[in-house]
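Number of protein chains: 2
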Amino acid sequence: MILVKIYVTLKDSVVDVQGEAIKDATHTMGYPGVSEVRMGKYFELKFDDSTESLEKDVDEICDGLLANPNIESYRYEIAEEA
Amino acid sequence: MILVKIYVTLKDSVVDVQGEAIKDATHTMGYPGVSEVRMGKYFELKFDDSTESLEKDVDEICDGLLANPNIESYRYEIAEEA
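Quick mapping for you: the protein sequence lines, in order, are chains A and B.
Mapping the first sequence onto our numbering, position 11 (from 1) lands on 943, and the numbers just tick up by one.
Mapping the second sequence onto our numbering, position 23 (from 1) lands on 955, and the numbers just tick up by one.
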């Protein structure tokens, strides 16, 4: 089993409205030291060991399904699992 | 500036309906090797360098705002930033 951890984040040029709201909430909660919040998505995908062209597959799944390439970027880590 | 990367995921005992839907979509896209998908949230918080009790603050922000402790767990990494 191959575990792939995928992180999808808004591009820096895109205003993160949810992140701004969370930052304001942390200040209301009494944590004024929070100066910026960015919110993204996190996915864990498990692939069969027999998967060939794993990186190509992950790129296509990210571009076509998990991330909106217009406003989001992604990165991932591949970890083998027992 | 201190960068904290926070990962919020559903507990293993909780059925991940969105993850199941994404798994089905990957199969429809032609990637039958995807055997499991779990979806979570990812946050990047920047704290002022002067922040004391950083880990305590992060725990409280996670428990009170970013994660639902009933069904979600979280982990985080602390990275110094220039």
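Wrong hints could be hidden among the right ones.
Which copy? The list can't say, so a pair holds if one copy fits it or any two copies do.
Said to hold, decoys possible - Listed next, the in silico SDA-like pairs over lysine to any residue satisfying Cα-Cα at most 25 Å (straight line): (1) K943 / S982; (2) K943 / D956; (3) K988 / V947; (4) K978 / D991; (5) K978 / D956; (6) K943 / E984; (7) K955 / K978; (8) K943 / G962; (9) K988 / G962; (10) K988 / I1003; (11) K978 / S945; (12) K943 / E992; (13) K943 / I1010; (14) K955 / I934; (15) K988 / L942; (16) K937 / E984; (17) K973 / V949; (18) K937 / T983; (19) K943 / M933; (20) K943 / E1013; (21) K955 / M933.
It is worth saying that the hints were derived from the structure and are not from the lab.
Model, not experiment: these values are computed from the prediction.
Hint-by-hint comparison with the structure:
1. K943 / S982: neither (33 Å within a copy, 28 Å between copies)
2. K943 / D956: within (21 Å within a copy, 27 Å between copies)
3. K988 / V947: The answer is neither: 30 Å in one copy and 28 Å across copies each exceed 25 Å.
4. K978 / D991: The answer is within: 14 Å in one copy meets 25 Å, while 29 Å across copies does not.
5. K978 / D956: between (36 Å within a copy, 13 Å between copies)
6. K943 / E984: Classified as neither; 30 Å inside a copy, 30 Å across copies.
7. K955 / K978: between (33 Å within a copy, 10 Å between copies)
8. K943 / G962: For K943 and G962, neither the intra-copy (29 Å) nor the inter-copy (28 Å) Cα distance is at most 25 Å.
9. K988 / G962: So K988 and G962 pass the 25 Å test across copies only (13 Å; inside, 45 Å).
10. K988 / I1003: Answer is within: at 21 Å inside a copy they meet the 25 Å cutoff, but 33 Å across does not.
11. K978 / S945: between (31 Å within a copy, 17 Å between copies)
12. K943 / E992: Close inside one copy (19 Å), not across copies (28 Å); limit 25 Å.
13. K943 / I1010: This pair counts as both: shortest intra-copy Cα distance 22 Å, inter-copy 21 Å.
14. K955 / I934: Only across copies: K955 and I934 sit 15 Å apart there, 35 Å inside one copy, limit 25 Å.
15. K988 / L942: within (22 Å within a copy, 27 Å between copies)
16. K937 / E984: within (17 Å within a copy, 31 Å between copies)
17. K973 / V949: both (15 Å within a copy, 15 Å between copies)
18. K937 / T983: within (16 Å within a copy, 30 Å between copies)
19. K943 / M933: between (31 Å within a copy, 20 Å between copies)
20. K943 / E1013: Cα proximity of K943 and E1013: across copies only (19 Å, versus 31 Å in one copy).
21. K955 / M933: This pair counts as between: shortest inter-copy Cα distance 15 Å, intra-copy 38 Å.
Of the numbered hints listed earlier, those contradicted by the structure are 1, 3, 6, 8.
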